[in-house]
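Enquirer: Please model the complete structure; the sequences and the hints are all you need to start from.
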Amino acid sequence: MTTRFVLTPESAQFPSANFPQLTTIHSTERILVLAFDPTTQETCQWRGIAPQGVTGTWTAIITYAMASGVSGGVAFDVSVQAVSNGDALDIDASVSFDTVNGGSDASVPGTAGYIEQISITLNNMDSVSAGDWITFRVARDVADANDTAAGDAYVLSVEVRDGA
Amino acid sequence: MANLTVQDRSKIWRALMRRWSKDGALCNFTKQALYNPQTDTGAIASVDTWIDTHQGNTTLDNIGMNGSLSIAMRSALSAEQKTDILIAIAAMRRGAEYLRSVFGQEVD
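Going down the list, the sequences are from chains A and B. Note that my numbering gives residue 160 to position 160 of the first sequence, counting from 1, and the numbers run on in steps of one. Note that my numbering gives residue 77 to position 77 of the second sequence, counting from 1, and the numbers run on in steps of one.
Don't read these hints as lab results, they were simulated from the structure. All values reported here derive from a predicted model rather than from experimental measurement. Glycine residues also receive a C-beta, built at the ideal position from the N, C-alpha and C atoms. A hint or two may mislead.
[To be verified] A few chain B positions that, by computed beta-carbon distances, are all more than 12 Å from chain A:
no. : residue
1   : 3
2   : 23
3   : 40
4   : 51
5   : 66
6   : 95
7   : 102
8   : 104
[Claimed, not checked] FRET-style restraints, in silico, Cβ to Cβ:
no. : chain 1 : residue 1 : chain 2 : residue 2 : range
9   : B       : 63        : A       : 123       : 48 to 58 Å
10  : B       : 59        : A       : 16        : 46 to 56 Å
11  : B       : 66        : A       : 145       : 28 to 38 Å
12  : B       : 6         : A       : 124       : 48 to 58 Å
13  : B       : 98        : A       : 51        : 48 to 58 Å
14  : A       : 24        : B       : 86        : 29 to 39 Å
15  : A       : 52        : B       : 24        : 23 to 33 Å
16  : B       : 86        : A       : 100       : 48 to 58 Å
[Claimed, not checked] Here are some, though not all, of the chain B residues that point toward chain A, as calculated from beta-carbon distances under 7 Å:
no. : residue
17  : 20
18  : 26
19  : 29
20  : 32
21  : 100
Expert: Structure follows, in structure tokens:
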């Protein structure tokens, strides 16, 4: 496996509505996090260029900690849009995401503030190839049966790997 | 006065979890145990129903708020969280603006 992207809270881009709050935790360290609501599905996105040499099955590893919940689980969705040179997609007005890739963690850490990582296999990568303009969209799947934890889920980072 | 609507109970649900997330108040229960809009059950529904049932009492009532909660939630909720639930529901029974005046921007 090779790490291809490390997506950080400060580099996230947000839609016009229902996006996670970019906030800080830790009173002195001021750690930037994305706070995903437990009841409203919120999304954010990261954009870049698919690196040369990408191959195999991609995986997203979401590192998170709970704000207050110490019981239940959380679920996240990762969607991918890959636009190739000359593709007929008007990015000024349209999107073309592949089918959602879902994953969950049935048990959040027993202590709020402890981190945990969810690995989501990205089977639906919108036929990405090297050089494509790629968008990763991440959402907390609040309607998922496994998303039962109360309170915000703080996403600290998303690592994207391929099979190389 | 009737029970609060599912929409109003849901507003309380969202506001309380936002509040507790901000405060870092431990939630040793699931979000559905606090309130489930699909089934209109959970602690918020229980306490609202308790208030509604007993608001007209003219005699001393021996069913306390704690008794209205599920057994699991009686111990899972902290005393502060129970107080927050009671305040939020009571305020919402006067209206969303009233609740907003207590809980601020956490109320949508």
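Enquirer: CB of residue 6(B) to CB of residue 124(A), is that within 48 to 58 Å?
Expert: violated (34 Å)
Enquirer: Checking the smallest CB distance to chain A, is residue 95(B) really beyond 12 Å?
Expert: At roughly 21 Å from the nearest Cβ of chain A, residue 95(B) sits farther out than 12 Å, so the non-interface label holds.
Enquirer: Given residue 26(B) was flagged as interface, is its beta-carbon under 7 Å from a beta-carbon of chain A?
Expert: Holds: closest Cβ of chain A sits about 6 Å from residue 26(B), inside 7 Å.
Enquirer: For residue 40(B), which was marked as not at the interface, is the minimum beta-carbon distance to chain A over 12 Å?
Expert: holds (15 Å)
Enquirer: When you look at the beta carbon of residue 102(B), is every beta carbon of chain A farther off than 12 Å?
Expert: Since the minimum Cβ distance to chain A is about 19 Å, residue 102(B) lies beyond 12 Å and the statement holds.
Enquirer: I want to verify a distance hint. Is the separation of the beta carbons of residue 66(B) and residue 145(A) within 28 to 38 Å?
Expert: Given range 28 to 38 Å: holds, Cβ gap about 30 Å.
Enquirer: A cut-off of 12 Å on Cβ-Cβ distance, and residue 66(B) was said to be off the interface with chain A. Does that hold?
Expert: holds (19 Å)
Enquirer: Quick one: work out the minimum CB distance from residue 23(B) to chain A and report holds if it exceeds 12 Å, violated otherwise.
Expert: violated (7 Å)
Enquirer: Hint says 29 to 39 Å; check whether the CB-CB distance for residue 24(A) and residue 86(B) agrees.
Expert: This hint holds: roughly 31 Å between Cβ atoms.
Enquirer: Quick one: work out the minimum CB distance from residue 3(B) to chain A and report holds if it exceeds 12 Å, violated otherwise.
Expert: holds (20 Å)
Enquirer: Quick check on a hinted range of 46 to 56 Å for residue 59(B) and residue 16(A), using CB atoms only.
Expert: holds (55 Å)
Enquirer: Does the closest beta carbon of chain A sit nearer than 7 Å to the beta carbon of residue 32(B)?
Expert: holds (6 Å)
Hint check: violations occur at hints 2, 12, 15, 16 and 21; the rest are consistent with the structure.
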